[in-house]
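Engineer: In terms of full-length UniProt numbering, the sequence shown has 236 at position 236, counting the first letter as 1, and numbering is strictly consecutive.
A couple of the hints might just be wrong.
[To be verified] Lysine to aspartate or glutamate pairs mimicking EDC-like chemistry, simulated, CA-CA at most 20 Å apart:
{"hint": "1", "residue 1": "K227", "residue 2": "D273"}
{"hint": "2", "residue 1": "K147", "residue 2": "D178"}
{"hint": "3", "residue 1": "K283", "residue 2": "D144"}
{"hint": "4", "residue 1": "K283", "residue 2": "D273"}
{"hint": "5", "residue 1": "K281", "residue 2": "D372"}
{"hint": "6", "residue 1": "K85", "residue 2": "D144"}
{"hint": "7", "residue 1": "K384", "residue 2": "D372"}
Simulated from the structure, these hints should not be mistaken for lab results.
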Amino acid sequence: MSSKKHGSGRAGVPAENRSKKRRTGLLSTIYAGPDAEEFQPDEGRKKSRDIQQNAFGSVEYHLSKERDQSKKFLNEFKNSANEGKREALALVSHFRDKIATSPPITVSKMQKSCRSLVPNDAAAVTQPTRQSLQLFRHSTRVLDTFKAVLHSYEVAEARMLTNASNMPGGDWSRDVDDITQVLNYARQYGLQLAETAIITPQSVMKPDLDSVKLTTIDCGGKPASGKMGALKYLEELQKKKQSDVLRFLLRVRCWELRQLNVIHRASRPTRPDKARRLGYKAKQGYVIYRVRVRRGGRKKPVPKGATYGKPVHQGVNQLKYQRSLKATAEERVGRRCSNLRVLNSYWINQDSTYKYYEVILVDPQHKAIRRDPRINWIVDPVHKHRECRGLTATGKKSRGLNKGHRYNKTKSGRRKIWKKHNTLSLWRYR
1 MSSKKHGSGR AGVPAENRSK KRRTGLLSTI YAGPDAEEFQ PDEGRKKSRD
51 IQQNAFGSVE YHLSKERDQS KKFLNEFKNS ANEGKREALA LVSHFRDKIA
101 TSPPITVSKM QKSCRSLVPN DAAAVTQPTR QSLQLFRHST RVLDTFKAVL
151 HSYEVAEARM LTNASNMPGG DWSRDVDDIT QVLNYARQYG LQLAETAIIT
201 PQSVMKPDLD SVKLTTIDCG GKPASGKMGA LKYLEELQKK KQSDVLRFLL
251 RVRCWELRQL NVIHRASRPT RPDKARRLGY KAKQGYVIYR VRVRRGGRKK
301 PVPKGATYGK PVHQGVNQLK YQRSLKATAE ERVGRRCSNL RVLNSYWINQ
351 DSTYKYYEVI LVDPQHKAIR RDPRINWIVD PVHKHRECRG LTATGKKSRG
401 LNKGHRYNKT KSGRRKIWKK HNTLSLWRYR
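Build out the structure end to end from the sequences listed, making use of the hints.
Structural biologist: Dropping the structure here:
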């Protein structure tokens, strides 16, 4: 029988060391503000830098591979173009020789036909005069026509030999320049149209179809630029998650996030455009934390699988949590950084097992926050742990709140209101 007393804790670890370790853990989580690196250095940052260097090396390898393939394709294209040029020159020389040898054959045939037509006067046929025979004049015109055709073939051959022909191969470079210029114009015009449709109302900026320009009208004191900013480009890139660039980037980032801790602080937001839309500012008092949450539903925690009651309530699997995974991520980060206030969060990545989020937190004790009239509302004590009470944008979605018809009397939930209205409550002594 073991001599260890009940409740003595883990074997081999003194009680004073355990209490010291618990106190150290509490002190490390009391303050997690903007200067947390001085007191709680993150050991995963060096690993993160190594991971980024490996990712950059992989990108450089793929770029060099694509560059070699492009050079190989260009060499093959040049060889095929030279071969086509040689075939064209051979065809031209063949036609030239054929036309050059055709007039004597034509003259001999005409002489034979003349002898057959006039057998008695062969001398007149062999030595005709212009005034005596009309057939000779006709044959002379035919010979002149053949000579003109032969001359045109000689001119074409000379032009091809001097690379001055009007063949498609000679105009390829000029066509490429023209097409490139047209595509550049189309790209500029498309970008301006996209910015017009997304950023500025149609009544403010109208595209000019005759030229790649935008006619700006009075915008009420606000600037109406004809170009998109950097954050707008990031937003448009993020919408195309199936593109090759973004698929590769998300895959590398997901591999990096799997190597880091479940909850860790980020030096800057992964999606700065999304973070700024949700209230983040690159100033003191704002903090970004990354967190991963396991995907899937929730299994009912019944002891040994024994469920009691009616069959309708005996389900164990296939049960879904009423709140979203993003709300769970906010709640876990809020418990880790209990001295900060959760402002908002957004999705950054996911794989088959986890979903990764970035949570925006605000330090209510920082002077930059307390003096800013746009964010100092979060300093009030009523906003403590607002992520646990369904007060963030994600938490409100699972509360069934909305406006309009059929959304009255749903403040604390439809079922709670129904139960309150259908329950008879009486005093004990009445």
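Engineer: Against each hint, give a clear statement of whether it holds in the structure.
Structural biologist: These are the hints, each one checked on the structure:
no.	hint	result
1	K227 <-> D273	17 Å, holds
2	K147 <-> D178	39 Å, violated
3	K283 <-> D144	90 Å, violated
4	K283 <-> D273	15 Å, holds
5	K281 <-> D372	12 Å, holds
6	K85 <-> D144	31 Å, violated
7	K384 <-> D372	18 Å, holds
Of the hints listed earlier, those the structure fails to meet are numbers 2, 3, 6, in rising order.
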